[in-house]
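Given the structure of chain A, go ahead and fit chain B onto it with the hints provided.
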Amino acid sequence: MSTLAAAPSEIAAPRHALRRQRRRRIGILLLLLPGAGFIAIAMIAPLLQLALGSVGLTGLGPSEGFSLRAFGTVLANPMMRAAFLFSLRLALATTVLSVVAALALAALLMLSFPGRRLVMLLYKLPLVVPSLIAAFLILTMIGPGGMGARFAMQLGLGWPQLVHDRAGIGVILVLLWHQIPVTLLILLAVVGSIPRDLIDAARNLGATAPSVFRHVILPLALPGVSAAALLVFIDCFGAYAVPSLLGPAYPQALPVMMTTEFLERAHWQVASAIGVVMTITTIAVMVVYHRLIARADRERAG
Amino acid sequence: MLSLSGVAKRFGGEVAVEDVDLEVAAGEFLTLLGPSGCGKSTLLRIIAGLTEPDRGRVWLEGEEVQDLPAHRRRTAMVFQSYALFPHMTVARNVAFGLIMRGLDRQQIQRKVGDALALVELEGLAGRYPRELSGGQQQRVALARALVTEPKVLLLDEPLSNLDAKLRDRLRIELRALQRRLALTTIFVTHDQAEAMALSDRIAVMTKGRLVESGTPEEIYSRPKSRFAAEFVGVANLLPGELRDEVVTTAVGRFAVSAQSVPAGEVAICLRPEDIAFSAEGPGLQGRLTHVTFAGPFQDCIVALEPSGLLLRAHVPVRPWHIGERVAVRLPARAAVLGE
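Top to bottom, those sequences are chains A and B.
In this text, residue positions in the first sequence follow the working numbering: the first is 1, and each later residue adds one.
In this text, residue positions in the second sequence follow the working numbering: the first is 303, and each later residue adds one.
Take the hints with a grain of salt, since some may be wrong.
To be verified - What follows is a set of in silico ranges between Cβ atoms, one per label pair, in the way DEER data are often shown:
| id | chain 1 | residue 1 | chain 2 | residue 2 | range |
| --- | --- | --- | --- | --- | --- |
| 1 | B | Arg403 | A | Pro144 | 35 to 41 Å |
| 2 | A | Pro210 | B | Leu483 | 38 to 44 Å |
| 3 | B | Glu354 | A | Tyr289 | 37 to 43 Å |
| 4 | A | Ala104 | B | Glu354 | 21 to 27 Å |
| 5 | B | Arg403 | A | Thr259 | 58 to 64 Å |
| 6 | A | Lys124 | B | Val536 | 41 to 47 Å |
| 7 | B | Ala328 | A | Leu185 | 47 to 53 Å |
| 8 | B | Ala557 | A | Arg196 | 49 to 55 Å |
| 9 | A | Ala167 | B | Ser462 | 58 to 64 Å |
| 10 | A | Ser112 | B | Val536 | 25 to 31 Å |
| 11 | B | Glu354 | A | Ala101 | 29 to 35 Å |
| 12 | B | Arg429 | A | Leu47 | 43 to 49 Å |
| 13 | A | Gly156 | B | Glu366 | 54 to 60 Å |
Worth flagging that the hints you see were computed from the coordinates, not collected in a lab.
Backbone N, C-alpha and C fix where the C-beta goes; we use that ideal spot for every residue, glycine too.
Same shape as in the complex, but just chain A (with noise of 0.2 Å):
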């Protein structure tokens, strides 16, 4: 009898444990969503958009179902081609001056000289200054008919083609104003981060200031220079602005041809296609770069 009488209570137990389960499950989400919603409306929504606008399935304008029309257009075109090899090398050109030019200032910065400081204040200028506005400023010292070119005709000497031209000279000159404070305030954060014992240490076992920056600083703060880099193209291969005002008229950045895309033609799905390929290029080097991080990484471990 007693082991029947226990039974019910026994059976109870484990219901209201499940309904406290259940109750503290729904806490949780709901404390969750703010944040989660935010991303869920901010990044996955456009994404999603963009991804279902690619093949005809919903999105802006006329749907016609699901259809890999617009990628073949995208990946035929000769001239989406070009855009797409332009827009990959204003970026790997911007990403590896950036970072050779932000490693020898900083490697500069840690020296000691007078006018350090008025240094260390004024390379943050750029990051105050929008792109749009560098590139105007750019504009008119490099380009026809500005000083650059002005100075140069005083002297008799024929000026290049920096701006509008088929290198992208002139956009990598300006995303290069804007990247190099970029990648170099990242650096001088990395740098600053390695414990001064391991510099004086280095200097003690008869390391000169070169060695020291070679085989100490740069390997300790490469983590923080590939991030830095992985930034740095992220932003240029998405860059729009400068490409739209100083590039060549062929070819054009990825950027500039979407927007003609979608808003001069009205080709949402080729403009969404354009921002899938896009969004895929950086996100396989985001994933190239996190496979090398973890392979040096268990390299290191051994």
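Then chain B, alone, in the frame of chain A:
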């Protein structure tokens, strides 16, 4: 071997090192002892060339080096944090100084092997610093310093991050190694027991100044300054008046050796083990106010009567009790301290 003359350094307005003169003989183990912030690490960094002195000169093996950059001084420093390069293996850490000096690969390999054998870490050459214990890291740092065959070895509190047992063992090993290699060594610590255990000579520092130096025995038994007497070991300081090599105090007269302390108001230093007492007998009368068991001895405080003067005494273990009356015997001689 190494000498400093009039070395001074300020950081902002703060004095770090003030007019330090110091001579270190070849093969000597000298300890810079003092509380934190007394300037001992700054002095070590000045010797290494990692900090530039505002004034003063530094000679190393007869060569004036105060303007020589750190990488050309041939000093080797072991840091409190060990400062091992985290991205390099143990072997590569140890090889670093040799690579910087341009030795060939074979020489480097041989020397790194020898250095790791010296600190008994042969099996760990391929490990990274984070895979080592604190004691092992400390040995790697030592091997990395020794392998460069420095003119002087500089140790900046290298044992302070280790637990007490390991610290004690490494102390003995470090001293044995230094003797075997006859390496001129300057060791910085705030731990007086460590200084006593390791050094040929101790230089006591406070507020950027070198107050006195001597063998551990001299510093302990015959300190010349109040600061050294109180900083090294436990000291009973009694005020008195010095006249004709005798100091008269409230608890009696003490003979002192002829020292450079001028006659007049002075203090004498009695170490706790200089003081003895018995349950009854002649001498000063007192009452025990504190008794603790300290292993080989008992640590007691006696309040003298009627003056109420407190004396710290280390006496052989016996069941003494708080409140017990005792007869105190003081030595006939004591160290006299100037200001």
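Hints, verified against the model:
1. Between arginine 403(B) and proline 144(A), the C-beta spacing of about 56 Å breaks the proposed range 35 to 41 Å.
2. Here the CB-CB span from proline 210(A) to leucine 483(B) is close to 32 Å, at odds with the stated 38 to 44 Å.
3. Taking 37 to 43 Å as the suggested C-beta distance range, the pair glutamate 354(B) and tyrosine 289(A) conforms, at roughly 42 Å.
4. The beta-carbon spacing between alanine 104(A) and glutamate 354(B), approximately 26 Å, falls within the hinted interval of 21 to 27 Å.
5. In this structure the supplied range 58 to 64 Å holds for arginine 403(B) paired with threonine 259(A), their Cβ-Cβ distance being about 59 Å.
6. Checked against the hint of 41 to 47 Å, the pair lysine 124(A) and valine 536(B) fails, with Cβ atoms roughly 57 Å apart.
7. Checking the proposed 47 to 53 Å range against alanine 328(B) and leucine 185(A) shows it holds: the Cβ atoms sit about 50 Å from each other.
8. At about 52 Å, the CB distance of alanine 557(B) to arginine 196(A) agrees with the hint of 49 to 55 Å.
9. Separation of alanine 167(A) from serine 462(B) is about 59 Å and conforms to the stated range, judged on CB atoms against 58 to 64 Å.
10. At roughly 46 Å, the beta-carbon separation of serine 112(A) and valine 536(B) lies outside the given 25 to 31 Å, and the hint is violated.
11. Remark: the range hint 29 to 35 Å for glutamate 354(B) to alanine 101(A) is upheld by a beta-carbon distance near 31 Å.
12. Taking 43 to 49 Å as the suggested C-beta distance range, the pair arginine 429(B) and leucine 47(A) conforms, at roughly 45 Å.
13. Between glycine 156(A) and glutamate 366(B) the beta carbons are some 58 Å apart, a value that agrees with the proposed interval 54 to 60 Å.
Taken one by one, the earlier hints fail for this structure at numbers 1, 2, 6, 10, listed in ascending order.
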